[in-house]
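A.B. asks: From first to last, the protein sequence lines are chains B and Z.
Be aware that the first sequence starts at 867, since it is given in the numbering used here, and climbs by one per residue.
Be aware that the second sequence starts at 20, since it is given in the numbering used here, and climbs by one per residue.
In case anyone wonders, no lab produced these hints; they're calculated from the structure.
Ideal placement from N, C-alpha and C gives every residue a C-beta, glycine not left out.
Among these hints, one or two may not hold up.
[Stated by the list, open to error] Label pairs and their computed distance ranges (CB to CB):
no., chain 1, residue 1, chain 2, residue 2, range
1, B, N900, Z, V78, 47 to 53 angstroms
2, B, K946, Z, L321, 53 to 59 angstroms
3, B, N898, Z, Q81, 41 to 47 angstroms
4, B, P921, Z, K253, 43 to 49 angstroms
5, Z, I273, B, S1104, 29 to 35 angstroms
6, Z, V78, B, I1013, 36 to 42 angstroms
7, Z, A315, B, L923, 32 to 38 angstroms
8, B, E909, Z, A23, 44 to 50 angstroms
9, B, I944, Z, E225, 22 to 28 angstroms
10, Z, F86, B, F1141, 55 to 61 angstroms
11, Z, E219, B, K897, 46 to 52 angstroms
12, Z, N52, B, D1114, 49 to 55 angstroms
13, Z, F86, B, S1104, 50 to 56 angstroms
14, B, S913, Z, H73, 43 to 49 angstroms
[To be verified] Selected chain Z positions facing chain B (in silico; Cβ < 8 angstroms):
no., residue
15, V35
16, Q68
17, N71
18, I123
19, N126
20, S132
21, K174
22, F178
23, L214
24, A223
25, F226
26, G251
27, E252
28, Q270
29, A300
30, I303
In case you want the letters, here they are:
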Amino acid sequence: MSGERLHIFTGKGGVGKTSMAMAYTLFLKQKNQNVFYINFNEENNLSVIDELGLPTLALNIVSSAENYIERKLHSKIIAKFVMQAPFFKALFNIVPSLGSMIMLGHILKQLEEDPSMVLVLDAPASGHSLSMFESSHQFQTIFRKGIIVDDIENMHRYLYDSNFCKIFIISTVSRLSLEEAQELKQEMQNRFHNIDSIYNFSYLKFIEKINESHRENSTKLNIPNLPSFLREKINFESELFYSLKVQDHHIFSLSISNRFVDRVHDLFQHFQLHFNASDEI
Amino acid sequence: MISAKKVSLFCGTGGVGKTTLSAGYALSLTQKNLKVLLITIDPSKRLKQLLNLHEVNGVMSQVDTTFLNSQNQGELWAMCMESQTTLQKMAERTGKVSQFQNSILKNLTSKYSGLNEILSLIELNEKLKSEQFDCIILDTPPGKHFIDFLESAHKIHQFFDNSFIEIFDYLNQNATVSPSKLFFKKIVQSGLTKLLSYLEKVTAPEFVTEFIEAIAILYQSKNEFLAALVLGEKLKDAEFSNWFLVSSVEQDKIEEMLQLKEKATPFMHSDQYFLLNKCLAGKIEDWNPLEPELIALKASILKKEDEIEKFSKANFLNTIKIDEVVAIDFKLNEKKHEDLKVIAEQFLRL
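Chain B on its own, in the form it takes in the complex:
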């Protein structure tokens, strides 16, 4: 079992970050880890979380900030007072990166306090993820020194430790999404050293799976009978995976289950089949 305690899922919008992060949480939970799913950006879809039996931590900027101020100034009352001041409310509104940094800090604090805890972070899409990770560096420069800067440096020690934090960059097999994933990886490699790429919604994998299940009666699919858009996609994918030397278990099949919850289960099954034991590292 690998020892990372913070697993971060990012990638272009619409590539399936949320379903992938949820499936991975279920996977770790099934391995008896004390794991929680955190959605950084959106409000949680409670009925989905309920149905999946997904352990979650709900964090929000105001309570995270209050928690931080309380710890620093040793007073709940002052923390409440500060966060209720219209000035601070307005400040958080116009400087979104301040909130991002505080949330990230709160997440790391939780991990520091409970050594058994493992977190799966459903992070914002590429550009906004970079903003989130850039925020602490900005405020490190802005605040110059003092206890906030000490805390930021502590955050970075955890975040950039490849035994502690792992990044999954999700991509679909389309040109825009792939190029965005590559750029994102390049930017993130400046700071993070444990990054994996995952390819989602693969038609190729979908067809391969059909062929596998028909193996006994040796009737392989007749590819030329597929509609042209499908043939184009499949050819494109096989060329691409070959040229990028993608590891087979990092390619996830397209799921045609109708319900979101069922699609999460399909991804979960893939993790279970292909990500167990040592190959996860």
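Using the hints, position chain Z against chain B.
C.D. replies: Just chain Z now, kept in the frame of chain B:
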């Protein structure tokens, strides 16, 4: 028929094709001999690769549209929004460039700082004032960041209004004085003393001085933020703007789309277009697979598309379906614009 308006906004959840469709729509307008500017606010800046832009961020550049092979007289210009450049130009307009060197402002507007949404209404307003373009098209960031963009002017106005009214009264009377410790003294007299003293406890003392200076500097451009508020109001005028809400059949984000629409309604007019992107039904109607898995695949694609179309017809006045364009080979550069061309043609046929 979609009539060209002064401003068009493309919005929606992530990965549905906002950037591609906004570029395709912009190209279709150049075919009507219009001079068009396309601005992207999203920090991931897909526009650059889509149109082969080489300019640095924050600068407009003309797009080579010869791949359209048409005789039209239209022009397409494009730029990626960058908050630092917007701020720099604001500084030039106040005539006090040196003050904008404040380190907090510089940091907060650096790459990936997250201030793009807040400053882009100002950028849009400037571009409108320049009267260089017939149409300006805005490719907005996904989901909640789109709401941030819509609320930006209001948020900044609120910040000035509630927090610093006393200080700014003082600043207005002493407009020639450069921001310095003098302002700090004034703040000390106001109710903010306590808050700032807490801040001083946990940061370097220079931070608080610089922080106040940063706000004082921004306040000098208060009128630009007020103008952005007025522009926000104008976007509600159906004569002035087109709102395109983009969704895609490959994602079932109906819930998210409804939430987005609900949150954005106060900022829009009701004459919106719902663009349903990446439609496949037309391409697989004649396909008759024999394998049960492929029969299920076909059924699932058709069902999804049907559901989302019903949803959009129930919730939006105008629904437009855009067919999926499979980029044939991304290694061949000359084919790179093939997808945009096809999308532009789809818009022209409407």
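A.B. asks: Starting from the hint list further up, note which numbers the structure goes against and sort them upward.
C.D. replies: 3, 8, 10, 13, 17, 26, 27 and 29
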